[in-house]
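So you can see what is in the structure, the chains are spelled out below.
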Amino acid sequence: MPDKNELKKQACATIDAHKDEIIGIAKEVLNNPEPGFSEIKTSRLVQSKFDQLGITHKDGLAITGVKGRIPGGGGDGPRVAIIGELDSLIVDQHPHADPETRAAHACGHHCQIGMMLGSTLALTQESVLSQLSGEIVPFAVPAEEFIEVGKRLELRDQNKLEFLGGKQELIKLGEFDDVDISVMCHTASDMGDRTFALGGTSNGHVVKYVKFIGRGAHAGSAPHLGINALNAATFALQAINSNRETFKDDETVRIHGIMSKGGEAVNAVPADVRLEWRVRSGTPKAVVANSAVVDRCFKAGALAVGATVNITNIPGYLPMRNDSRLQELFQQNASQLIGESKVLVMPPRRNRGGSTDMGDLSQLMPVCHPYTSGAVGAGHSKDYVVTDYESAVITPAKIMAMVVVDLLADGGVKGQEIMSEHRPAMKKPYYLQFQRERAEVIEYSGA
Amino acid sequence: MPSSDELKRIAFEEIDSRADEIINISKTILNNPEPGFREINTAKLVSEKLGNLGIPFRAGLAITGIRADLLCGNPGPTMAILGELDSLIVNEHPFANPSTGAAHACGHHCQIGMLLGAAMALNQPKILESLSGRIALIAVPAEEYIEIEYRDELRKQGQLEFLGGKPELIKLGEFDDVDLAMMVHTTSTPEEKQLCVSGTNNGTVAKKIQFIGKGSHAGGSPHLGINALNAATLALSAIHFNRETFKDADTVRVHPIITKGGEAVSAVPADVRMETFVRGKTLEAIMDANVKVDRALRAGAMAVGASVKIETIPGYMPLSQDKNLYELFTPNAVDLVGQENVGSVAHRTGSTDMGDVSQIMPAIHPYVGGAVGLGHGATYVVEDYQLSVITAAKSIVATVIDALGDGGAKGGKIVAEHRPEMTRHEYLSLMRSLAKEDMFEAN
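From first to last, the protein sequence lines stand for chains A and B. The C-terminal position of the first sequence is numbered 447 in this note's numbering, with every residue numbered one higher than the one before it. The C-terminal position of the second sequence is numbered 443 in this note's numbering, with every residue numbered one higher than the one before it.
If we strip away everything but chain A, and leave its shape as in the complex, we get (with noise of 0.2 Å):
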């Protein structure tokens, strides 16, 4: 029977044997960007991929979400999911964006998609399968940048969907119930000499869809008999940034937004004022407690001027939670493939800011989330490309179908292993119950 080094070495072979096929999925998908629900084609090349390598999958999962299964030759074992995020941003003026509809990917995630099927190639040859246990379970998954909430929203209106991130309704739909760990890789743009970067956590956050509803007036003959919506948004945003100095520092506190709509008619009293806002933190009980405290600000906004503000909360993404066993496999298979110096390991307090809907599943399972090198230019920007896509996609594509070996191989007892000593910070019925508590309409009347 060979040992792990000797499948890790097949599978890698593998991946280099098609290297070229393995860029042109993630060149592909660059060149076809879609965001988020709207993954229609990536979704579908996604689906030709797997038929072309016989791997049965569901489609259509929260819209355009496709999984494969993959038993391993081995028998019963732990059940790994390889994620690959299927969704652009909109940038407007990225080089690869979509001329028409504006769609990017300035975050990197074609070479998810890349490597994602790259891993599976290499894991579905017969040699390596076959001495693995469980089961791979490859899974593209949609919409994991948070935005076109407006459009979002009207799919939770049609009931097509609850949450409005991809990885959140897939655990809603139950389709994390049959996967024990899981893993991905992002690409990254800012990690000087390394190359390949672990730990770190991120950002929770709660999104809010927020209108000031004063009284029309004519802004010149009559601005007595109105109510100015704008002034109360105007005033809620400096009560946020006078609470800003009761942030705690190792909290991360992100609270951000942009002003949707700020009046109808320059000569009449804005009545209507809408504000798209973020609130981000590093724990889940931050999140809550500094929401609140910019729904109060937004109170304070509307009692200032009489008006009234309704906001709509809206559930966001969980911190990250890196799985520190499931992360040291990372570390020595990324050490063993491109050197140790080139790999980074952060504190699992570094928090980068951001938030990503792993986080959702990290709080359920044991998840890696790390970061490959290959991308320039600052993230979410149209600066932001892939220039070397070995480091983007074939090096990550590696490491998952390495570390997939240590988990699944000699029976799945190393993924065991990390199963059994894994606590969850929350089991799917409680992470339910949180992220529907988050979900809220709050109208409050400063009158």
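Everything labelled a hint here was simulated from the structure, so no lab data went into it. Any given hint could turn out to be false.
Across the chosen pairs, the derived CB separations fall in these ranges [as the list claims (entries may be wrong)]:
id, chain 1, residue 1, chain 2, residue 2, range
1, A, Arg350, B, Glu92, 55 to 63 Å
2, A, Ala425, B, Glu149, 53 to 61 Å
3, A, Ala425, B, Ala264, 38 to 46 Å
4, A, Leu225, B, Thr379, 38 to 46 Å
5, A, Asp249, B, Glu149, 34 to 42 Å
All values derive from a computational prediction rather than experimental measurement. Note that beta-carbon positions come from the ideal geometry of N, C-alpha and C, so glycine has one too.
With the hints as your guide, set chain B onto chain A.
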């Protein structure tokens, strides 16, 4: 019976012959400024002068007020002449008391000169015999609404109910037997000329505000604090956000100060205090703005999770002057200074407790020139005492003679035709209803 012109001539002669003495009274007060409810020496001076004139008086009304009545030869209405005893506090004023900062930066010292000049002129048998009714000479304390903390303390000690002199005298019944009232105030506004017929003044409520947060080390643990200074500054912003809703015609004025802004720079401020006036042309305008100010104060507290205590204290009522009484005053003003030197102003946005008197009886509050500089500022000084005191005294005396001469016919007619905004009883209930203390807790 001498004609009213004859009576005025006799009265003016008396004033002219004692002009130096009268002006000296004003200058003595200028040099001994005392703020409201502390006018001990000023009141003593008034008492002495009244004693010298042999006019009986009652002193110690509303702490420092004095009233002396001159009885006329025949029955008729009672007309009050008011003079305000109090100074302001303006440290940089050239005549400020170096230790208290008190200074006559609003010309009240001239009013006491006028009041005593009028007393000298009217307290002549020839004049009193020819008039009907009664002349109430009232030296009133505390027109300037300042030192709220101090007065609130007097209130808590039971020495006062209201924080202004005239409201307190009204409450004490000192205006119960008064039918009409007048006083003359100095002005430095050139457009108001030498004597000025004025219209209305803003009324006001006063507010004492305390934002209560939670102290904490501002460097070590700001997250454990609640910043009352942020609550207060946000509340100020919230007030400003409402300004566009104040109607021009309502001439609303909201002008807060922060009297305490924190304890130490290294601690999250937990106790921040503010005072403000909320002024407006009508009671409705004041109350409309007051509701908005209260809401803004609560919004400041809510914004940071603090509490706010809002104490609303009745201030002064809007001034509304009696046109008929002005019909007596204005021709006398023209006679004294010439038509070209009589000005007029429709509305002033400051406040005076003569407004309170004007709510319950016919009253006028004309202005006399002679001052320069900005009212309530260090530059406000009286330069022309002949005009500010002597001419003003004559204008008062002449108006009283017109009102109470001829059997008090004109004065009686003014009283009969006047429709007061409210009775004294209604006034007191209204004032008491304005006094409010609210506590708002954001959390």
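Right, here's what the structure says about each hint:
One distance hint, 55 to 63 Å for the beta-carbon pair Arg350 of chain A and Glu92 of chain B, holds here, with the actual separation near 58 Å. Checked against the hint of 53 to 61 Å, the pair Ala425 of chain A and Glu149 of chain B passes, with Cβ atoms roughly 55 Å apart. About 41 Å separates the C-beta atoms of Ala425 of chain A and Ala264 of chain B, a value consistent with the hinted range of 38 to 46 Å. Between Leu225 of chain A and Thr379 of chain B the beta carbons are some 40 Å apart, a value that agrees with the proposed interval 38 to 46 Å.
Against the hinted window of 34 to 42 Å, the Cβ-Cβ separation of Asp249 of chain A and Glu149 of chain B comes to about 40 Å, which satisfies the hint.
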